[in-house]
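Trainee: Could you build the full structure based on these sequences and the hints that come with them?
Listed below are the residues making up each chain.
Protein chains: 2
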Amino acid sequence: MHIYLAGPDVFLPDALDIGNKKTDICRRHGVTGLYPLDSAIDPATHDASLQIFKGNEAMMDAADAIIANLTPFRGPGADPGTVYELGYMAGRGKLCLAYSNEPSTYAERVPHFTKVTRTLEKRLIDSDGLTVEDFGLMDNLMMIHALDLHGSPLVMPQARPADIWHDLTAFEACVRLAARKPD
Amino acid sequence: MHIYLAGPDVFLPDALDIGNKKTDICRRHGVTGLYPLDSAIDPATHDASLQIFKGNEAMMDAADAIIANLTPFRGPGADPGTVYELGYMAGRGKLCLAYSNEPSTYAERVPHFTKVTRTLEKRLIDSDGLTVEDFGLMDNLMMIHALDLHGSPLVMPQARPADIWHDLTAFEACVRLAARKPD
Chain E
690 MHIYLAGPDV FLPDALDIGN KKTDICRRHG VTGLYPLDSA IDPATHDASL
740 QIFKGNEAMM DAADAIIANL TPFRGPGADP GTVYELGYMA GRGKLCLAYS
790 NEPSTYAERV PHFTKVTRTL EKRLIDSDGL TVEDFGLMDN LMMIHALDLH
840 GSPLVMPQAR PADIWHDLTA FEACVRLAAR KPD
Chain Y
690 MHIYLAGPDV FLPDALDIGN KKTDICRRHG VTGLYPLDSA IDPATHDASL
740 QIFKGNEAMM DAADAIIANL TPFRGPGADP GTVYELGYMA GRGKLCLAYS
790 NEPSTYAERV PHFTKVTRTL EKRLIDSDGL TVEDFGLMDN LMMIHALDLH
840 GSPLVMPQAR PADIWHDLTA FEACVRLAAR KPD
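Chains E and Y are the protein sequences, given in the same order.
Residues 690 to 872 (the numbering used here) make up the first sequence, in order.
Residues 690 to 872 (the numbering used here) make up the second sequence, in order.
Honestly, I wouldn't trust all of these hints.
The list treats identical chains as one, so a pair stands whether inside a single copy or across any two.
To be verified - Calculated lysine to aspartate or glutamate pairs in the DMTMM-like style (CA-CA distance at most 25 Å, straight line):
id	residue 1	residue 2
1	LYS710	GLU810
2	LYS804	GLU746
3	LYS710	GLU746
4	LYS804	ASP852
5	LYS804	ASP703
6	LYS710	GLU791
7	LYS811	ASP736
8	LYS811	GLU861
9	LYS804	ASP823
10	LYS811	ASP706
11	LYS811	ASP703
12	LYS743	ASP837
13	LYS743	ASP753
14	LYS710	ASP815
15	LYS710	GLU861
16	LYS804	ASP815
17	LYS811	ASP731
18	LYS870	ASP823
19	LYS811	ASP837
20	LYS870	GLU746
21	LYS804	ASP817
22	LYS743	ASP823
23	LYS870	ASP837
24	LYS743	GLU861
25	LYS804	GLU791
26	LYS710	ASP817
27	LYS743	ASP856
Simulated from the structure, these hints should not be mistaken for laboratory data.
Mentor: Okay, structure coming up:
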């Protein structure tokens with residue numbers, strides 16, 4: 690089984706090292722991890738961003754499954770680039786798995802980024818008046834239920850790990866789930 | 690042509706009204722707009738979030754195209770729920786169109802949300818040390834190039850409209866593009 694390893698991990702200073710650690714874990718469980726190219730292409734190259742896109746899309750097309758890192762990124766929700774890839778793989782009918790190293794609900798996190806109030810009709814809203822999804826889910830319902838229906842429910846640690854960007858316990862739990870599925 | 694109308698519009702206080710306006714515009718251009726169910730299902734219903742997911746997925750499966758509102762939402766980038774849907778439709782091989790009512794680049798917006806610095810190796814990083822994509826694109830390269838290759842480039846206004854959540858000029862430009870494509 691080939692698994693596309695999506696996540697904002699590609700933005701870490703040690704992006705290649707974490708990629709190697711993730712593919713090593715995959716190997717130990719008898720599956721093959723495919724790590725995106727973002728950090729392997731020189732950003733100064735002409736059309737670097739298009740090259741990265743094409744490389745990542747080809748990798749996703751070659752993969753049987755995705756493990757997406759949905760740890761909140763630069764805001765209350767997951768990294769949109771990663772979420773695009775989760776959607777793409779769901780659309781292609783591939784096995785969808787994901788983890789988040791932040792064990793709080795979306796509605797619990799939003800007040801750290803914007804003033805949240807409750808309307809007279811009990812709707813939770815942000816400072817722009819836009820509804821804050823409040824279903825007790827860890828992120829937007831589209832991602833959470835995509836996992837429920839197209840793979841396996843979001844994997845989370847019991848407690849927030851000391852280093853949310855480098856702890857691979859929840860990631861390894863996803864690899865174990867993938868390795869158990871038929872090819 | 691049936692077009693799925695994705696966007697954080699479903700979180701607006703007048704979500705149903707904006708949905709009606711969008712489907713009216715579609716009708717005027719000879720196409721059919723399908724507006725997601727989020728705001729039409731009582732959030733107190735048992736399994737409301739799952740019902741919304743299943744309804745939206747069925748709507749996407751019935752659509753030939755998507756027009757996604759990628760206006761930045763609760764952070765520097767697009768709404769992850771909307772981005773999931775764009776990815777899903779790209780994965781299904783559907784026509785992908787999108788607009789944003791915020792005509793600034795991603796790298797220009799990030800400093801409004803986190804301290805951004807440049808490393809000695811010229812890498813732009815946020816306060817967690819994670820790279821800020823700096824390709825002069827309006828959002829993460831996965832969404833931007835998905836549009837370039839699976840539909841039409843992101844549509845944007847020349848200037849930020851007075852009301853970014855209700856101005857439908859860029860949306861109508863997307864509808865016009867979709868109406869011109871073969872069914």
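Trainee: Please go over all the hints and tell whether each is borne out by the structure.
Mentor: Okay, the hints, checked on the actual structure:
Proximity of LYS710 and GLU810 under a CA criterion of 25 Å is satisfied inter-copy only: 24 Å between copies versus 49 Å inside one chain copy. Proximity of LYS804 to GLU746 under the C-alpha cut-off of 25 Å is found in neither arrangement, the shortest distances being 38 Å within a copy and 31 Å between copies. In this assembly of identical chains, LYS710 and GLU746 lie within 25 Å of each other by CA distance solely inside one copy; the values are 22 Å within and 35 Å between copies. Within a single copy, LYS804 and ASP852 get their C-alpha atoms only as close as 27 Å, which misses the 25 Å cut-off; across copies the closest is 20 Å, which meets it.
Within a single copy, LYS804 and ASP703 get their C-alpha atoms only as close as 34 Å, which misses the 25 Å cut-off; across copies the closest is 20 Å, which meets it. In the homo-oligomer, the alpha carbons of LYS710 and GLU791 lie at most 25 Å apart inside one protomer (20 Å), although the nearest pairing across protomers, at 38 Å, exceeds that limit. Within a single copy, LYS811 and ASP736 get their C-alpha atoms only as close as 48 Å, which misses the 25 Å cut-off; across copies the closest is 18 Å, which meets it. Within a single copy, LYS811 and GLU861 get their C-alpha atoms no closer than 39 Å, and across copies no closer than 33 Å, so neither meets the 25 Å cut-off.
For a Cα distance limit of 25 Å, the shortest separation of LYS804 from ASP823 inside one copy, 15 Å, qualifies, whereas the shortest one across copies, 29 Å, does not. With identical chains, the CA atoms of LYS811 and ASP706 are at most 25 Å apart between copies only, with a shortest distance of 20 Å across copies and 47 Å within one. Only between protomers do LYS811 and ASP703 lie at most 25 Å apart by alpha-carbon distance; the minimum there is 15 Å, versus 44 Å within a single protomer. Taking the shortest alpha-carbon separations for LYS743 and ASP837, only the inter-copy value of 11 Å comes in at or below 25 Å, while the best intra-copy value is 28 Å.
In this assembly of identical chains, the alpha carbons of LYS743 and ASP753 lie at most 25 Å apart whether taken from the same copy (18 Å) or from different copies (23 Å). For the homomeric pair LYS710 and ASP815, the shortest alpha-carbon distance between copies (23 Å) is at most 25 Å, but the shortest distance inside one copy (39 Å) is not. Taking identical chains as interchangeable, the C-alpha atoms of LYS710 and GLU861 lie at most 25 Å apart only when both belong to the same chain, with a minimum of 10 Å there against 47 Å between chains. Both within a single protomer and between protomers do LYS804 and ASP815 lie at most 25 Å apart by alpha-carbon distance, with minima of 6 Å and 23 Å respectively.
Taking the shortest Cα distances, LYS811 and ASP731 sit within 25 Å of each other only across copies (12 Å), while inside one copy they are farther apart (50 Å). Taking the shortest Cα distances, LYS870 and ASP823 never come within 25 Å of each other, neither inside one copy (32 Å) nor across copies (38 Å). In this assembly of identical chains, the alpha carbons of LYS811 and ASP837 never lie at most 25 Å apart, being 27 Å within a copy and 41 Å across copies at closest. In this assembly of identical chains, the alpha carbons of LYS870 and GLU746 lie at most 25 Å apart whether taken from the same copy (23 Å) or from different copies (24 Å).
Taking the shortest alpha-carbon separations for LYS804 and ASP817, both the intra-copy value of 9 Å and the inter-copy value of 23 Å come in at or below 25 Å. For a Cα distance limit of 25 Å, the shortest separation of LYS743 from ASP823 across copies, 18 Å, qualifies, whereas the shortest one inside one copy, 36 Å, does not. In the homo-oligomer, the alpha carbons of LYS870 and ASP837 lie at most 25 Å apart inside one protomer (15 Å), although the nearest pairing across protomers, at 35 Å, exceeds that limit. Within a single copy, LYS743 and GLU861 get their C-alpha atoms no closer than 27 Å, and across copies no closer than 29 Å, so neither meets the 25 Å cut-off.
Taking the closest pair of Cα atoms, LYS804 and GLU791 come within 25 Å of each other both inside a single copy (21 Å) and across two copies (22 Å). In this assembly of identical chains, LYS710 and ASP817 lie within 25 Å of each other by CA distance solely across copies; the values are 20 Å between and 41 Å within a copy. Within a single copy, LYS743 and ASP856 get their C-alpha atoms no closer than 29 Å, and across copies no closer than 33 Å, so neither meets the 25 Å cut-off.
Checked against the numbered hints given earlier, this structure breaks hints 2, 8, 18, 19, 24 and 27; the rest are met.
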